[in-house]
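K.L.:
For chain W, the structure is supplied; the task is to place chain A on it using the hints.
Going down the list, the sequences are from chains W and A.
Numbering-wise (numbering that gives the first Met the number 0), the first sequence opens with residue 0 and increments by one.
Numbering-wise (numbering that gives the first Met the number 0), the second sequence opens with residue 0 and increments by one.
Derived from the structure by calculation, the hints contain no laboratory data.
Any given hint might turn out to be false.
What the hints assert, rightly or not - Listing some non-contacts, in silico: residues in chain A with all C-beta distances to chain W over 10 Å: (1) L3; (2) L4; (3) R5; (4) G37.
As the list claims (entries may be wrong) - Output of the computed footprint for chain A on chain W, the stretches with three or more beta carbons under 8 Å from beta carbons of chain A: (5) 339 to 351; (6) 496 to 504.
Unchecked claim - One-sided excerpt, in silico: chain A residues whose CB lies under 8 Å from chain W: (7) Y11; (8) G14; (9) L20; (10) L24; (11) I28; (12) K31; (13) L35; (14) F43; (15) L44; (16) P45; (17) D46; (18) L48; (19) A57; (20) R61; (21) L65.
Idealized CB from N, CA, C, for every residue including glycine.
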Amino acid sequence: MSSDYLQTVDWSRAQFAMTAVYHWLFVPLTLGLSVLIAIMETRYVRTGDAFWRRTTRFWMRLFGINFAIGIATGIILEFEFGTNWSNYSHFVGDIFGAPLAIEGIMAFFMESTFIAVMFFGWDRVSKRFHLAATWLTALGANLSAVWILVANSWMQYPVGCTFDLATVRNEMSSFREVACSPVAVNKIFHTVSSSFTLAALFVVGVSAWYLLRRREQRMARQSIALASLFGAVCALLTAVTGHRSGAIIARVQPMKLAAMEGLYRGGEGLPLTVVGLLRPAGGEENGDPFLFRIGVPRLLSFMSFNDPNAYVPGIDELIEGDSVRGMLPVAEKIARGRRVIDSLARYREALRTGDEAAKAGIEALFDPATAEGREFLREYYAYFGYGYLESPRDVVPDVPLLFYSFRVMVGAGMLFLLLLAVVWLCNRCGRLAGQRWLLRTAVWVVPLAWIASQAGWAVAEVGRQPWVVQDLMPVTVAASKIPSSSVSVTFFLFLALFTVLLAAEIGIMLRQISIGPEPEN
Amino acid sequence: MISLLRKTIRFYVDGFRAMTLGRTLWMIILLKLFVLFGVLRLFFLPDPLAGRSPAQRAESVRENLLPEP
Chain W
0 MSSDYLQTVD WSRAQFAMTA VYHWLFVPLT LGLSVLIAIM ETRYVRTGDA FWRRTTRFWM
60 RLFGINFAIG IATGIILEFE FGTNWSNYSH FVGDIFGAPL AIEGIMAFFM ESTFIAVMFF
120 GWDRVSKRFH LAATWLTALG ANLSAVWILV ANSWMQYPVG CTFDLATVRN EMSSFREVAC
180 SPVAVNKIFH TVSSSFTLAA LFVVGVSAWY LLRRREQRMA RQSIALASLF GAVCALLTAV
240 TGHRSGAIIA RVQPMKLAAM EGLYRGGEGL PLTVVGLLRP AGGEENGDPF LFRIGVPRLL
300 SFMSFNDPNA YVPGIDELIE GDSVRGMLPV AEKIARGRRV IDSLARYREA LRTGDEAAKA
360 GIEALFDPAT AEGREFLREY YAYFGYGYLE SPRDVVPDVP LLFYSFRVMV GAGMLFLLLL
420 AVVWLCNRCG RLAGQRWLLR TAVWVVPLAW IASQAGWAVA EVGRQPWVVQ DLMPVTVAAS
480 KIPSSSVSVT FFLFLALFTV LLAAEIGIML RQISIGPEPE N
Chain A
0 MISLLRKTIR FYVDGFRAMT LGRTLWMIIL LKLFVLFGVL RLFFLPDPLA GRSPAQRAES
60 VRENLLPEP
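Next up, chain W with everything else stripped away, as it sits in the complex (with noise of 0.2 Å):
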């Protein structure tokens, strides 16, 4: 491979995860703000008193703010998929492209439709249409989210598909395969509710703030009071399917799981590190890989199986292998995936040769009708990707990065849902008011669950390289064959028009949060 192409691949890369990034600071807040504001609303209307209309006005403004200077900017991504990952597109091919086509239609629809008379429709139309418009902007919303979520599924676990050799791409053969596998589902509830429990975090920290300055009391106790039950709850679902998360992991993604730990040497019985420090050279010396840890016995072991005293691989096992345990080498991987490589290189060459023959053999070993091809798939295609890699220590993902965000992730959740839990129970016992301390931690964990959620994103991701669909295309293979410097260029004009975003976001919200809600009447 040029160094220019490699080049193109790093920034490509790098664009891709700053674009994400800053569109993931205006996602999760739509979602749950959204969910909250039809509850409010659904008050509203249940009781008639014109104290939670206000307060839903309040919280819709802040959910107008966000919701358009969010909106679009995941159009980039896509743009960026055409453009930057042109391989990666093309190989994907209507797995990827189905369930971005309906959350695109879904969102236009739904979002666009709904939130007009969500905004426009007070007085306009009846209290209970205006509550329905509200919670079907909600459901849009959250709809949109499950496809997205869905096509970032498959990249981690490729399933419901079929290789076509003729058109290089993989074809859906199953949509409920795709839509409902198990890392689909976990991730569609862990991702959401991760969400819901950062808006309920922002209400609960802004409405703390006006009970900081004596302002708007009465909103502020009501919106807390709801909020932070909602986000209690939401945290406490988000820890059982992180829980979820990790068991799939363990048996979908191992390598990710022994990265997240930085454990190098597997073994029975293991603990989890609560709290660590990684040695800058890694387990790579086959020594211990931490200046220190504090760890749970054998809760790994648990988290992953289910089973206190259940095998968890490290690094090295899954490179090297274990026949005794059914874990091919990495090395035997990389051979078979050359394989797959070597048949698509002779299938090239007997159309460039018009050889029939040779090609009718080698469309034989794709197809998943007969035995022998659904043999060849199984044992061969299912490692095209390690076909790419130059050397078996290639499958090992940014450790230090991977250990240190999950920890962030799952140390922020933690505190989000003590902070939750007592901030509801102060709220009920009148006692709120009072413990100014606990209302300067909400107002600054505001920030923190910005910073959890994209911690969480970055563990997903992270953990998932080299690969960009697991196990059977590496990023090295999946961009597109421009200039880099195109691609440094349009990195700057992201980041420029995204941090100008951004900046309004901050400014306008912070503003409106300042004048607060309308006056009464």
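P.N.:
Chain A alone, transformed into the frame defined by chain W:
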């Protein structure tokens, strides 16, 4: 039907007229869409496989995925 259409248009016209903060937000949205579609998409983000037939796309990706013969 025409009455419903008129009501719907009226609904949006009145809604846009009554906006305060919304005007600023719409300005941001329109500016952003112009930058995205009118500048970035047009000049900086071409699709390298655009305009090719499915067979040509397949051939191009096959070439990219395989080592030189």
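K.L.:
Hint by hint, note whether the structure agrees.
P.N.:
Hints versus structure:
Every CB of chain W is more than 10 Å from the CB of L3 (chain A) (nearest about 13 Å), matching its label as outside the interface. Chain W leaves L4 (chain A) outside its interface by the beta-carbon criterion, the shortest separation being 15 Å against a cut-off of 10 Å. Remark: the non-interface label on R5 (chain A) is consistent with the geometry, its nearest Cβ contact in chain W lying 14 Å away (cut-off 10 Å). The beta carbon of G37 (chain A) is kept farther than 10 Å from every beta carbon of chain W, the shortest such distance being approximately 13 Å.
With 5 residues having a Cβ less than 8 Å from any Cβ of chain A, the segment 339 to 351 of chain W passes the three-residue criterion, so the hint holds. For the segment 496 to 504 of chain W, the assignment as covered by chain A holds, since 3 residues bring a beta-carbon within under 8 Å of that chain's beta-carbons and 3 suffice. The interface hint given for Y11 (chain A) is met, as the beta carbon of that residue sits about 7 Å from the closest beta carbon of chain W, less than 8 Å. Taking 8 Å as the C-beta cut-off, the interface hint given for G14 (chain A) holds, the closest approach to chain W being about 3 Å.
Interface restraint check for L20 (chain A): the shortest CB-CB distance to chain W comes to about 7 Å, inside 8 Å, so the restraint holds. For L24 (chain A), the interface hint holds, the least distance from its beta-carbon to any beta-carbon of chain W being 4 Å, beneath 8 Å. Checking I28 (chain A) against chain W: minimum C-beta separation of about 5 Å stays under 8 Å; hint holds. Interface restraint check for K31 (chain A): the shortest CB-CB distance to chain W comes to about 6 Å, inside 8 Å, so the restraint holds.
With 8 Å as the threshold, the beta carbon of L35 (chain A) comes within range of chain W, its nearest partner Cβ sitting at about 6 Å, so the hint holds. Taken as an interface hint, F43 (chain A) checks out: its beta carbon lies about 5 Å from the nearest beta carbon of chain W, inside 8 Å. Restraint check, L44 (chain A) versus chain W: the minimum CB separation of about 4 Å is within 8 Å; hint holds. This hint holds: P45 (chain A) has a C-beta 6 Å from the nearest C-beta of chain W, less than the 8 Å allowed.
Interface hint status for D46 (chain A): upheld, as the beta-carbon distance to the closest one in chain W is roughly 4 Å, under 8 Å. For L48 (chain A), the interface hint holds, the least distance from its beta-carbon to any beta-carbon of chain W being 5 Å, beneath 8 Å. For the restraint placing A57 (chain A) at the interface with chain W, the shortest Cβ-Cβ distance is roughly 5 Å, inside the 8 Å limit, so the hint holds. Given hint, R61 (chain A) at the interface with chain W, holds; its Cβ is 5 Å from that chain's nearest Cβ, closer than 8 Å.
With a least beta-carbon distance of about 5 Å to chain W, the hint placing L65 (chain A) at the interface is held under the 8 Å criterion.
The earlier numbered hints are all upheld by this structure, with none contradicted.
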